[in-house]
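> Under numbering that gives the first Met the number 0, the sequence shown has 272 at position 273, and the numbering climbs by one with no breaks.
Treat the hints as calculated values from the structure; they're not laboratory data.
Label-pair restraints from in silico Cβ distances: (1) D187 / G129: 13 to 23 Å; (2) R106 / G129: 11 to 21 Å; (3) D389 / P159: 38 to 48 Å; (4) G26 / G129: 30 to 40 Å; (5) M288 / P97: 36 to 46 Å; (6) R247 / D30: 36 to 46 Å; (7) G129 / E310: 20 to 30 Å; (8) R315 / G34: 54 to 64 Å; (9) D431 / G173: 27 to 37 Å.
Idealized CB from N, CA, C, for every residue including glycine.
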Amino acid sequence: MLLIKGGRVIDPASRRDGIGHLVIDGGKILDFLPGDPPKGFQGTVIHAEGKWVTPGLVDMHVHLREPGFEWKEDIRSGTAAAAAGGFTSVACMANTKPVNDNPEVTRFILEKAAREGSVSVFPVAAVTLGLEGKEMTDFSEIAEAGAVAFSDDGKPVDDPLLMRRAMEYAKPFGYPILVHPEDHRLADGGAANEGWTAQKLGIPGIPSAAEEVAIARDILLARQTGGRVHLQHISTRMGVDLLRMAKRAGLAVTGETAPQYFTLTDGALEGYDTNAKMNPPLRGEDDRMAVLEGILDGTIDAVACDHAPHEEYVKRCEFIAAANGIIGLQSSLPLTLVLLAGGKVSPSRVVELLSATPARILSLRGKGTLEKGADADVTVIDPDLEWAFDRDTILSRSKNSPFLGWKMRGRAVLTLHGGRVRHSTIPGVAADA
Numbered sequence: 000m001l002l003i004k005g006g007r008v009i010d011p012a013s014r015r016d017g018i019g020h021l022v023i024d025g026g027k028i029l030d031f032l033p034g035d036p037p038k039g040f041q042g043t044v045i046h047a048e049g050k051w052v053t054p055g056l057v058d059m060h061v062h063l064r065e066p067g068f069e070w071k072e073d074i075r076s077g078t079a080a081a082a083a084g085g086f087t088s089v090a091c092m093a094n095t096k097p098v099n100d101n102p103e104v105t106r107f108i109l110e111k112a113a114r115e116g117s118v119s120v121f122p123v124a125a126v127t128l129g130l131e132g133k134e135m136t137d138f139s140e141i142a143e144a145g146a147v148a149f150s151d152d153g154k155p156v157d158d159p160l161l162m163r164r165a166m167e168y169a170k171p172f173g174y175p176i177l178v179h180p181e182d183h184r185l186a187d188g189g190a191a192n193e194g195w196t197a198q199k200l201g202i203p204g205i206p207s208a209a210e211e212v213a214i215a216r217d218i219l220l221a222r223q224t225g226g227r228v229h230l231q232h233i234s235t236r237m238g239v240d241l242l243r244m245a246k247r248a249g250l251a252v253t254g255e256t257a258p259q260y261f262t263l264t265d266g267a268l269e270g271y272d273t274n275a276k277m278n279p280p281l282r283g284e285d286d287r288m289a290v291l292e293g294i295l296d297g298t299i300d301a302v303a304c305d306h307a308p309h310e311e312y313v314k315r316c317e318f319i320a321a322a323n324g325i326i327g328l329q330s331s332l333p334l335t336l337v338l339l340a341g342g343k344v345s346p347s348r349v350v351e352l353l354s355a356t357p358a359r360i361l362s363l364r365g366k367g368t369l370e371k372g373a374d375a376d377v378t379v380i381d382p383d384l385e386w387a388f389d390r391d392t393i394l395s396r397s398k399n400s401p402f403l404g405w406k407m408r409g410r411a412v413l414t415l416h417g418g419r420v421r422h423s424t425i426p427g428v429a430a431d432a
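Go ahead and model the full structure; you've got the sequences and the hints to work with.
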């Protein structure tokens, strides 16, 4: 039995935010005790005074790269980075080799994660065979094997009829389609946001319309089908506005953004820093502010880091040729905590963005909450801890981040997964082997 004592327990799913004590037994949440700590407790006590005690964080958009690209990342290293970042559940995208477009790959990921992973791994399977956008996968078979959603992330599903059929097919099962909103024809050849920075640097631009046209199409298809659609990595003002309109219309549409889209602009490309090259690209200040507004007013449901590890040689090259993507599992929490500055959002809203809502969107039972009987996935956060995000702190196999060298504020100091210590910087509390 384990007691996490004296922390500020923040659990948006049960509308709890107050000082108290969390009791864990048998890998489950046993009880929350407000007021004075229990006397004569027989078990391990972890002191959390001055810290937040939250449900384990959930990232619904991660590339673990296994199978097929283990030199970039694998399940062992990726989940270790997740635990260090406070995440106890991650949803991994299907762009592996082979593609996760069949039950065998889904089962492989789950079995490998059970053996070697530090946290729960939830496979997201491909919408189309081979991510080729031509023929749908067998949703029912893959879902039965353990997939929690479907996405061709990294590529859009260009064919509107095929996307319509995918939404219709997924609807009875209740699975969301996670949409990579991009019109390839508009984005073709681009490597940065279309605007002044791209012009100055001589980099081909990607117009914001490449994202917005795709979002508009899939919102209309969601209206047509009644299917569940989740918009990934929203980065533009109009993208946020379109999601807002869909919600006002009562459609089953949700959306996420990533920390880079509310903390950085395309000004980060100065000096041709390929660690700031990603897709969608970093946008201008007006778009960054719009993403912030979408978080503040509840339009944007979740923050997901789009963790995309790459080895150095595919980043240390000419900007246009460099691979898209950045790592994010260990920087996502402190970058999201920036939203607390000036009282922009409450601590409860931060936890909602990073835990409760992603778990709800993916229907992850027992995750994203500290209610009695839930899985004992718990993150203890020191919101005031200052630390440097540098190469030595990164547990991922890859180090591709535009935030290297940043001074961060706020960090997960303890991560429990199923009641087991998976990460700890608390003196006297060691991570389980």
